[in-house]
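> Given next are the chains, with one letter for each unit.
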Amino acid sequence: GNSVTQMEGPVTLSEEAFLTINCTYTATGYPSLFWYVQYPGEGLQLLLKATKADDKGSNKGFEATYRKETTSFHLEKGSVQVSDSAVYFCALETSYDKVIFGPGTSLSVIP
Amino acid sequence: DAGVTQSPTHLIKTRGQHVTLRCSPISGHKSVSWYQQVLGQGPQFIFQYYEKEERGRGNFPDRFSARQFPNYSSELNVNALLLGDSALYLCASSDQRGLGELFFGEGSRLTVL
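As given, the protein sequences belong to chains L and H, one line each in that order.
Heads up: the first sequence begins at 1 in my numbering, then just goes up one per residue.
Heads up: the second sequence begins at 112 in my numbering, then just goes up one per residue.
Worth flagging that the hints you see were computed from the coordinates, not collected in a lab.
A hint or two may mislead.
With a straight-line cut-off of 20 Å between C-alpha atoms, the simulated DMTMM-like cross-links for lysine to aspartate or glutamate are [said to hold, decoys possible]: (1) L/Lys98 to H/Asp173; (2) L/Lys52 to L/Asp84; (3) L/Lys56 to H/Asp173; (4) L/Lys98 to H/Glu164; (5) L/Lys98 to H/Glu165; (6) L/Lys56 to H/Glu212; (7) L/Lys56 to H/Glu217; (8) L/Lys98 to H/Glu186; (9) L/Lys56 to H/Glu164; (10) L/Lys60 to H/Glu165; (11) L/Lys52 to H/Glu186; (12) L/Lys52 to L/Glu8; (13) L/Lys98 to H/Glu217.
Quick look at which bits of chain L chain H covers, simulated, 3 or more residues with Cβ under 8 Å [unchecked claim]: (14) 39-45; (15) 100-111.
All C-beta atoms, glycine included, are put in the ideal place defined by N, C-alpha and C.
Looking at chain L on its own, in the form it has when it is part of the complex:
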């Protein structure tokens, strides 16, 4: 079946550190891939997406590349800020609006 696996947290980094959150997926066909973010006290929101192999999604300094050969979609940011503290969810879409989420990775950035 379709599934998403992501690195377990919590992850704690100092401000300006480099961030990588690993994500791998299992899916039939060619799903679209997403990273959603849930800031404290806020609703889930889309951070970035990629719809086909080798696409790179980017937003707010975050990037992720759709790697079909390794079935991965790792999230990276070169220099994290305290305001990036949140829970990050890797996800894939198997059909319109049916999105399968990973378990989430909590990130805390300390000054």
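Go by the hints and put chain H onto chain L.
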């Protein structure tokens, strides 16, 4: 423009009771999806409705049901509540143009005692 709105934001029920959760999508969005998020886990897909028809259903028992109204708002109903139904229930809407972006409400937090 208003985002996705859900009500109630918090509620407490006892085992065996029934609950109805409500969702209003973003204006112009015809698709509504429901997700269950248990504390510490990712959201799990429950239902998707488009133009008042159910188009997808996740692995949830028949105690869970939903519907969509002509104005595209939606209700999620859960009967015979169990302790394990305690969770944050999220509603998401989209414009169904295949761009894959879901817009989520802040959720209804259900506690079953």
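> Hints first: check each against the structure and report whether it holds.
How the hints compare with the structure:
no.	hint	verdict
1	L/Lys98 to H/Asp173	holds, 19 Å
2	L/Lys52 to L/Asp84	violated, 26 Å
3	L/Lys56 to H/Asp173	violated, 40 Å
4	L/Lys98 to H/Glu164	holds, 14 Å
5	L/Lys98 to H/Glu165	holds, 12 Å
6	L/Lys56 to H/Glu212	holds, 16 Å
7	L/Lys56 to H/Glu217	violated, 28 Å
8	L/Lys98 to H/Glu186	holds, 18 Å
9	L/Lys56 to H/Glu164	violated, 34 Å
10	L/Lys60 to H/Glu165	violated, 35 Å
11	L/Lys52 to H/Glu186	violated, 34 Å
12	L/Lys52 to L/Glu8	violated, 26 Å
13	L/Lys98 to H/Glu217	holds, 19 Å
14	39-45	holds (count 4)
15	100-111	holds (count 5)
In summary, the numbered hints that this structure violates are 2, 3, 7, 9, 10, 11 and 12.
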